[in-house]
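Got chain A; can you put chain B on it based on the hints?
Same order as they appear, the protein sequences are chains A and B.
Counting from 1, one number per residue, gives the positions in the first sequence under the numbering used here.
Counting from 1, one number per residue, gives the positions in the second sequence under the numbering used here.
These are computed hints drawn from the structure, not numbers from a lab.
Repeated chains share a single entry, so a pair holds when one copy, or any two copies, can fit it.
Simulated crosslink set (SDA-like; lysine to any residue; CA at most 25 Å straight-line): (1) K350 / M284; (2) K312 / R356; (3) K438 / N388; (4) K442 / P360; (5) K176 / P270.
For reference, the chains in residue letters:
There are 2 protein chains.
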Amino acid sequence: VKEAAAIGEIAREVIRRVKPSVKDADHLRGIAKDIIARLDAGAAAMGLDVYAIHVGSTARDTWLKGRKDIDIFLMFPPDTPREKLELSGLALARSLSGDCEERYAEHPYIKATYEGYSIDLVPCFRVPDPAHIQSAVDRSPFHNTYVLAHINGLTDEARLLKQFMHGVGVYGSELKTTGFSGYLCELLIIRYGSFLETVRAGANLYQSAVIDIEGRMDKTVKHPEPLIVVDPVDPRRNVAAALSEQKLYELVDACRRFLPAPSIEFFFPPDNEPLDEAELLAEMSRRSTLLVAVAFRSPDVVEDTLFPQLRKAAESVAGLVDRHEFKVFERDVWAEAGWSALVLELLVWKLPDVERHLGPPLEQREHAAKFLEKYPGTYVYGFRYAVNLPRQHTDAVELIDAKLKDCGLGKNVATAIKQEYVLLTGGSLLSLGPGMGKFLRKFLR
Amino acid sequence: VKEAAAIGEIAREVIRRVKPSVKDADHLRGIAKDIIARLDAGAAAMGLDVYAIHVGSTARDTWLKGRKDIDIFLMFPPDTPREKLELSGLALARSLSGDCEERYAEHPYIKATYEGYSIDLVPCFRVPDPAHIQSAVDRSPFHNTYVLAHINGLTDEARLLKQFMHGVGVYGSELKTTGFSGYLCELLIIRYGSFLETVRAGANLYQSAVIDIEGRMDKTVKHPEPLIVVDPVDPRRNVAAALSEQKLYELVDACRRFLPAPSIEFFFPPDNEPLDEAELLAEMSRRSTLLVAVAFRSPDVVEDTLFPQLRKAAESVAGLVDRHEFKVFERDVWAEAGWSALVLELLVWKLPDVERHLGPPLEQREHAAKFLEKYPGTYVYGFRYAVNLPRQHTDAVELIDAKLKDCGLGKNVATAIKQEYVLLTGGSLLSLGPGMGKFLRKFLR
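So that you can see chain A by itself, here it is in the shape it has in the complex (with noise of 0.2 Å):
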């Protein structure tokens, strides 16, 4: 009871700061609906069965103050030829104002200005229901409709959710972050029907828990993911398919931290100070590890694309590391700026002039016989042939230099990588900017 007592405190300063106020939010519903008037005009203009609707979190009154994102969605007949619906619906969105940009999901949009507000405009299919979805945008609508149909006024409460999610780190569904979405925040906050019994559920989430609203998943589908949480919607759907490990168990932290001593830090943790050069240098003096970054240029992708193959490479370098007998201590990925850069703090980065190269086992006779004669100190080691050799690289920033571009990077990074890569170590990370002495103040925890 003192406990709720004291996170409903919280909870309302909590609103306070992130609810916007109601002029904003009249504001902002006025945009939406100027948007669809001119979109439904526009439409007509040019001859389309084609309506324009309001979707995500503003259109739901889950949004949180200071974002000025509105998604607005083309609703084109289900049997409109995709080239034609791709065509006519980026003309009908292009209508919309003179700031355009054309961006691309599964298929493309557009990304608009105006007014100050940052529009998505998406043409999509308005099937029937969402087991007849052409593509996965579809489904948007559909989450809508659920959404406003049974956040049954909570939506304060979902507002708490999301930012607590945001201020422990694990908000965010994109590839980047792979935490909890925002439409996965809203469904949780209608299975629990309150932020703290959200939380409460949180602290005792577990690897492969099952959440199912409306009871109706379909069990023929599998779900190798950390967390499933059925998509009412659609029941083959897992809408946490996003989350990571990492993430999940994060959330379970946090929530297990914050119920026996709730702080609004939780909400709004203290703005992360970017270690600066002798704080780094202490460090690593205290710790006598060694920190090594490959930094270049970022490729001209979206973060979807990027991030992925950062964490691809950076497993990569850290392979190739571990493989040849150093140590990765702790490995991540940056990307900031127009830099990016695979972070790896070594435990082991130099070793001595010997390494034993196996070779192949006896019973492979012919193998085994030209492994005998290309080395002459060949001896038996167990079932199978090895020789003593000086070591081909006692120096882990010297491998890494020498086989980077053998490594396994993404398409993109490893393009990126191939015009130009610096090896920075120690301080030098530090000319990547305030953004890396930022990452390193948690990467060296």
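Showing chain B alone in chain A's frame:
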């Protein structure tokens, strides 16, 4: 043909060196007869229904020059009570010579010196057939009979094979060597008909190969050992049970090297000069590894007891070192002149001041809560908690010193180490004497 001719010439020279002279052989056989006569008379005088027989390589004419070992078995009726066998058997054996010592294998026997020969006097049961043996030693008289009946004039071939095995370091089935016994060499000669054919077969041996001379292997018995040589006198027994995978493949390797380039050096390798301190320091500086030895007074047990314990201890110490994120390159054990040593060569023996301490999975809620309370810096690491702490052991030698007594060392080795041990590194290993210098020349390959 040319190969066979070259090998023939080498073989003649080897035989010249290893075959006892007619005079020496006659003398040995005379001594054996003399011993048997004395023991038979002694048995009669003691009222025992017991007779002595001469077994082993000196009885089979397969022994190597200079060996002065005579194995005499005292054949008791199979219904003799075991205590009587031991008491009367040892008493009878002691009657041979004033220079006697009791030893213990599966049961006690006497090692006596007689006319400059070393005589093993082993009481056993004269069972009607090997299926009725009461103790492993009861099998030896049957082995003797089998070899005498089947070796068929190939005694010099057996000598060649034994000397070859000796020269390449795989002769001897004691637990120190884990190689090929004399009996096993004789069986191989019986199976393949000559030294050369045995070497040709040896070049093709492989893990789990079965050699079954009499074709009557008992297939209900599973043999996990690397080579299975069915005992012709007991189809359930593997004569190669003590052979290690390492020694099996060392033989294979030696055979493969010998056949295309036969040389007397396989039989008589040049003596291994001990590494002196200057050489050792030069080699360590070239390799830039760390050599470390745990040295202690050898416990007063036979080598068959000591060596398995030393190996267990070395594995255990290597495991300790690896588990703490250092890196072992090579390990071996050494014992000579009252001293034992576990010798390790390390690739990594210093580590940074930070280490990751892994905690429980978050799913184990109580354990996780305790961990979180105990370690303020706890973070989520996949599905479990972890915390970065100052590393407890940043130096592998200090680690060994701190934890050696907690390692699984084997009973007698543990007691010896508990009394006293020294940790030697680099050049100081040579303080253990020239035997260590010889050992290191091989170890640092």
